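With these hints in hand, go ahead and build the complete structure from the sequences.
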Amino acid sequence: MPDPDTQSGALAQLQGDPATRKRFLRMIGGAGATGALGLLVAACGGDDEKDRAAAGGATKTTMASTSSDIAILNYALTLEYLEADFYDQAVQSGQIKDRAVADLAKRIGEAEHAHVDAIVATVKKLGGTPVRRPATKFDDVIGGGPAKILEAAAVVENLGAAAYLAQAPRIKSKDVLAAALSIHSVEARHAAALNKLTGRGFSGRGPLDGSLPTGAFASPLPMDRVLAEVKPFLAS
Amino acid sequence: MNHTPIPAPELEAVAVEGLSRGAFLMRGALATGALLGGSAVSPFVRRALAQEGGGDVDVLNFALTLEYLEATFYSRAIRKGRGLGADTVRLVREIHDNEAAHVDALRGTIKQLGGRPVEAPKVGFGDVFTNRSRFLGLAQTLEDTGVSAYNGAAPQIRSSEVLAAAGSIVQVEARHAALIRLLNEETPAPSPFDAALAEKNVLEAVTPFLKS
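So the sequence lines, in the order shown, correspond to chains A and B. Every letter in the first sequence is one number past the one before it in this note's numbering, and letter 209, counting from 1, is 211. Every letter in the second sequence is one number past the one before it in this note's numbering, and letter 102, counting from 1, is 106.
Hints may be right or wrong, so weigh each one.
[What the hints assert, rightly or not] If you only want the chain B side, here are some residues facing chain A, beta carbon under 7 Å, derived: (1) N155; (2) S172; (3) V176; (4) L183.
If you're looking for bench data, these hints aren't it; they were derived computationally from the structure. From a predicted model like this one, the values you see are computed outputs, not experimental measurements. The beta carbon of each residue, even a glycine, is placed where N, CA and C say it ideally should be.
In structure tokens, the structure reads:
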């Protein structure tokens, strides 16, 4: 299993350089990879939006489909680990003085832990290996006080919602899709609540632009964009 | 090809590949020569039906009915609302704009798929528009139900593009739900997982508001 300390450095390389990515995929042998990074990378590329009807019927899944779904779930799991860890630290820091807001942060954190547990269980059920919990880097944010904490929370929740939205059409199994959707809408709820708390409107300007709805329709963000945005929070 | 007509009575109970019986019967030339029953439909028929977007059209029309309901609910609140408070009115206007856009988008998509959009149902909400607490309570119910309706229906969608569109709508509905709940002094996300409701259960939930 890859050392979490080398993860984000390798991640950066893989995101930026298609040749490196291809070389890496050849090395890890595609679907056989069990390393966290390998699974993340395998999830990033590949054939995306095939017409689901072309798969020839509702329930037919292949090993490749399952492997692809596992990769997507592991990507989601990384984000959920990130979120769960963030709220743990935020709550433990005692920085959020407002009782109602502190309660909200605690509840959201509990939900993210529930997401972690559910995705870990799903990956195992599919015969996959869940990615390891990544080492995170939230010191600057947590030390920055309640406003900074809420701001970071809003960033991550909006990114999470946009991430799930982008991945949904790529998921092959209806059951996995149903699970992903049941989490996607909850991340959206979190995002909306935090947007309100940070004085942000519905759709918007500013650093969250890509992950906020444009008017009445939410925006998907592809995996490489999301990973790039959360990179500052992954320990290097 | 030899077109031998197949006796029709068995079609009564058959939903082929997600199409309603009526829609299936419309495809007369394709129906003849095809075996009955979902998995026994020939690949040719299945592809043709998929291209005509039968199943997806039904899902989108279901979503459209809910969007009409919400859009009308909020437009009535704007027109008839009294004592709801400035914050609520501001949010209601924004949500209404979104729901109207959802209606337009769904109607457009259904037509693009070769289907016919359902018309807006007649609806009634009783006396909620002059009582802030009752109004927010019903808004919360409608938004939460909408999210669960989309979550329940989306896995049946066959086209990736239609699924992406439905996803982009349900995410906004979930944001609506959270904001309404906050105004209602409720937790924005009552559960770590949003329920997926079957169409039947959704229709049961909204039937009280549909006038026949």
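Hints and how they fare:
For N155(B), the interface hint holds, the least distance from its beta-carbon to any beta-carbon of chain A being 5 Å, beneath 7 Å. For S172(B), the interface hint holds, since its Cβ comes within 7 Å of a Cβ in chain A; the closest pair sits about 4 Å apart. Given hint, V176(B) at the interface with chain A, holds; its Cβ is 5 Å from that chain's nearest Cβ, closer than 7 Å. At a threshold of 7 Å, the smallest CB-CB gap from L183(B) to chain A is about 5 Å, leaving the interface hint in force.
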